[in-house]
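There are 4 protein chains.
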Amino acid sequence: MIIVLKPEATESQIKHIVSKVKSLGLKPMISRGVERTIIGVIGEEDVLRVQPMEVFPGVEKVMPILAPYKLVSREFKPTDTVVTVDGVRIGGKRLVVMAGPCAVENYETLLSVARSTKKAGAAILRGGAFKPRTSPYSFQGLGEEGLKFLAEVKKRTGQPVITELMDLRDLELMERHADIIQIGARNMQNFDLLKEVGRSKKPVLLKRGMAATIKEWLLSAEYILQNGNFNVILCERGIRTFETETRFTLDMNAVPLIKSLSHLPIVVDPSHGTGRWGLVPSLAKAAVAAGADGLIIEVHPKPEEALSDGPQSMLPEKFARLMVDLKRVAKAVGREL
Amino acid sequence: MIIVLKPEATESQIKHIVSKVKSLGLKPMISRGVERTIIGVIGEEDVLRVQPMEVFPGVEKVMPILAPYKLVSREFKPTDTVVTVDGVRIGGKRLVVMAGPCAVENYETLLSVARSTKKAGAAILRGGAFKPRTSPYSFQGLGEEGLKFLAEVKKRTGQPVITELMDLRDLELMERHADIIQIGARNMQNFDLLKEVGRSKKPVLLKRGMAATIKEWLLSAEYILQNGNFNVILCERGIRTFETETRFTLDMNAVPLIKSLSHLPIVVDPSHGTGRWGLVPSLAKAAVAAGADGLIIEVHPKPEEALSDGPQSMLPEKFARLMVDLKRVAKAVGREL
Amino acid sequence: MIIVLKPEATESQIKHIVSKVKSLGLKPMISRGVERTIIGVIGEEDVLRVQPMEVFPGVEKVMPILAPYKLVSREFKPTDTVVTVDGVRIGGKRLVVMAGPCAVENYETLLSVARSTKKAGAAILRGGAFKPRTSPYSFQGLGEEGLKFLAEVKKRTGQPVITELMDLRDLELMERHADIIQIGARNMQNFDLLKEVGRSKKPVLLKRGMAATIKEWLLSAEYILQNGNFNVILCERGIRTFETETRFTLDMNAVPLIKSLSHLPIVVDPSHGTGRWGLVPSLAKAAVAAGADGLIIEVHPKPEEALSDGPQSMLPEKFARLMVDLKRVAKAVGREL
Amino acid sequence: MIIVLKPEATESQIKHIVSKVKSLGLKPMISRGVERTIIGVIGEEDVLRVQPMEVFPGVEKVMPILAPYKLVSREFKPTDTVVTVDGVRIGGKRLVVMAGPCAVENYETLLSVARSTKKAGAAILRGGAFKPRTSPYSFQGLGEEGLKFLAEVKKRTGQPVITELMDLRDLELMERHADIIQIGARNMQNFDLLKEVGRSKKPVLLKRGMAATIKEWLLSAEYILQNGNFNVILCERGIRTFETETRFTLDMNAVPLIKSLSHLPIVVDPSHGTGRWGLVPSLAKAAVAAGADGLIIEVHPKPEEALSDGPQSMLPEKFARLMVDLKRVAKAVGREL
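Taken in sequence, the protein lines are chains A, B, C and D.
Heads up, the first sequence is in this note's numbering, so the first residue is 1 and it goes up one at a time.
Heads up, the second sequence is in this note's numbering, so the first residue is 1 and it goes up one at a time.
Heads up, the third sequence is in this note's numbering, so the first residue is 1 and it goes up one at a time.
Heads up, the fourth sequence is in this note's numbering, so the first residue is 1 and it goes up one at a time.
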């Protein structure tokens, strides 16, 4: 950590800072420049991070040297993490596509989507039983019944199932019926929820918050690993910007960036990342070309009747065609699908 | 609701849309313009809102006419809501200042802050027992012990207490010890939490999410009112923008805007909204001049030793001086403090 | 255009609005709903667009039906525009890569980059003679001398040349030495500059402003077409968001979106869009997979000595390897390179 | 400047960096920590700033210690700058209000606005002759005729005149007719324009770009000072965020922040900062309470007929009432109006 002093900092202020640093078991190194004196601090940066050095008299600013996360970093674990779910490997050479309706609405539709997406090559079935909806007047999901439909359909098609956990009181239920627990964008900083799934044995897919920096996203993942669960999959799903033509701005830069900073697998959600099914194919192909480990895509046989996110859901036949295209792009970048 | 058709929309597509609208019990009105045909829909807009008309073939875009929230709107209730807590009225002519440390750290410090801020004119004591922290390595709050300290101090100074609820399993505990339940920015769209405090009898202070639009913020408040709790106080605490010199960008436009859209009281948090104690006085005065009903300000007697948010905490003596200034500004805009 | 009235709008206010609409030669259609009265306006929307209907007493809001741009829209011209420069076609099946140093620094470096990028497959040479720099203390470009170096190198390698115009007094000079005139992100709304290049015969590459919406970007292009120059290439180069790990957030959504809204070709600049050479290959491949018509990439043989944008410049050998990869991705999506 | 090395940086890479630093006449100080080696650089930071140290092998990141601007900084000049225009002092104890129509439309309207705003206490008359408009189909201003109207009106009312310069070919004309030259938000990084007004003798009002950080804004001001013109007034006019209820988000944090970083006066534009006349009074009062040195407000006698920005223009009688309120707020914070 580097402590930059104000030009007018006095000797007694410097002494006060130095003695604080020493009292924490760290070693201060003073360097007097032309325009500023700076104090470099050697030792465990974490010790200092919890200490608000910015408020000490004479301090202009404090600059950390290290990233604030550890367990999720590639520095901590240089090799790629592969998360295995019922034999499906996420983070390996083969890409994984998760597909299904935004919300579970009834058994028949779910089964029909599962069959068609499986046939097209989707390895995992997605579907929301508990739905985080901006308005209290929107469909809030079938709840436990939805979870049961997912489990039923799994028995028929064999696809592992991913679904979102919103309320930590539902965790046990979730562990019984789901194979991957999704933490949605709006709960990325619901720290109690993160701690709980950190204690679970189920793999977790952690969506990026719509206003979360890459650093904050990795720190949220850190909460899960730090509680014992290393099976975390990151999911870029678009951030909030000033642009209004699309629902969110898919941050494709995040894909190679996460790959360089972390060992965790990353998948991309082009359905939420654009909010328009017509843009999904282009962004899905782009995500694969950028190096994503997989995709999560909303598919609905009758978007006109979808109770949630109809405008961003693909028809099963369009999804099947996209999968053909994705295989070609995957091969072009040395991956399989 | 207005449905705008694509220039190439066919007659059979128009028929299909019209029959859908009618089947929902609404009245479609077709208007054929020079470049576009549009369909105006008369009747309860909510019925149509859950229906994804955007995905119907031939539709270019759908434009709602009404705001999606109801109970929180000034149209629903034209007169200002005043929330009363232990005799303190929030939303009336007299401004309410809530002050205290970011986190409750120990009994003595809390008591000392409570005494000095009360003396300076703060009506309510703030302090976090459960702390939402970006990093799992940061101080997470004293938990239940912190709540008890708050209740203890309240007995001594008489100030009602506001503290944050993060985990809905703590609600009962919170109802026992706190007077106002705060929902933090990171939980603004934790809908299960909103529903639960909606069923509580305690007043709720709902902070704006750092990436939430005014509309989404009001919809989150709507969740609380719709579940029966009308004692909601809104709190603007800064939004995330590209600017990095300040921790957040305090959106002062929100103050008069909320006043025009909603009947709920609004307070401003200049501590989080800037992230720097040196900027707090200017923004606190600005908030009062803009028409806010109150302020929530972090005060700590030894920011150097604060376990959370030291850089944005004011010293008690600086806070006292600010209160004197605020009284003058309040008077200048026809309010009291 | 739809004019939505306030619930309390009076009959005389409605009359006043209706008579204004009629006086503009347009036809108002009143529709009285349950909660709002709305007035649909039939006729040339542009006539009304310049008229601030929002300020009429009784008006709640005004919603335009049509996009505000015309000549750049796909509705105006359904077929793709192909811009041809010295035999290089931009917007056709074959992708076009523009490569070169951020700034022209000297003749030798420029020639060396031109030769190596040409050999790798780059069709066009980029290089800045006039540099828009955030700080007055940064290298501002060689100016006219830089332009001459570009023209000299073109004679040797045969690649057409693209360079940025900042000051409209330099247009004539530019027209003599450059083949494509670039309008930088910071000048996207320098309307006088847009008008001038609109009167030029040279093709124009228009970069998206860092805070420009898709709509504003297309309106800036409209300025150029409306002044007579239809040879416009759009360039997505990243927008400003809250994320700080990358210099900008490359908006990949913009690629298929522009393709659906406009007939103009679109290229992507992954160098500025990320600000880090290590991320450029992933984003370049993603852009091609997303459907971009080309790329503009910064290449420098000695980034350590680059006078501008060293951190985002690729080494020629890395660029050559990327070009091999790009050919595979291009083929996978039915394009050539 | 601090150079942080990668954990895997080799001795020869360190040597290479050290020798580069020395060759620039600077003194490197190596500090080997537990997890990182860092190199502090002592000497003129500017020398290193133009050198892309990030691209040197082994470098993880580079952290500057000093702000990149000089002449505009309070460190360079600790006392407040007061800009004097025809006897009106901007930056002193007395606040300065600039008011007038967005665009000059005709002589009569301009004269009427000037008379009423002057009577209400506005010291300076604003009005655009050249208008930067997003769409080429919008009114582009009267041009030279508008300038002449401004000069004519000035003769009658005595108010100094401020108007926007867009095209540097108009500078001479502007110097003849205007008293303060405004550089608009869209031209904040039009560096050639900045250099030219830097060579002018006229005071310059520099609006903040809608996506400009405080740092970039000050660097743009630095261009003007560095070219010899120290009479610069900064103007906060709202930044672009995700919020769509208001046209821009007025960044009130900028007011005290600029006051701490720079000696230049700062005024606030609540008309553009909100885009709605109904919000202007609250934000104007807030700006004064926050410590702004003045305001620039759009006033129009018939907003229904305004050719530009009608929705954000105040009626003269509302402006007069606001001025009365502003006087009270000014007094409450120790200023005059």
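Please keep in mind that the hints were generated in silico from the structure rather than gathered at the bench.
Hints may be right or wrong, so weigh each one.
For identical chains, the list gives no copy identity; a pair is met inside one copy or between any two copies.
Derived pair list, reagent style DMTMM-like, types lysine to aspartate or glutamate, alpha-carbon separation capped at 25 Å [claimed, not checked]: (1) 154 / 108; (2) 327 / 305; (3) 331 / 317; (4) 118 / 45; (5) 148 / 44; (6) 327 / 86.
A quick note: this is a predicted structure, and the numbers were derived from the prediction, not measured.
Each hint tested on the structure:
no.: 1; hint: 154 / 108; verdict: within (13 Å within a copy, 57 Å between copies)
no.: 2; hint: 327 / 305; verdict: neither (30 Å within a copy, 42 Å between copies)
no.: 3; hint: 331 / 317; verdict: both (22 Å within a copy, 23 Å between copies)
no.: 4; hint: 118 / 45; verdict: neither (48 Å within a copy, 38 Å between copies)
no.: 5; hint: 148 / 44; verdict: neither (48 Å within a copy, 34 Å between copies)
no.: 6; hint: 327 / 86; verdict: within (22 Å within a copy, 36 Å between copies)
Taken one by one, the earlier hints fail for this structure at numbers 2, 4, 5, listed in ascending order.
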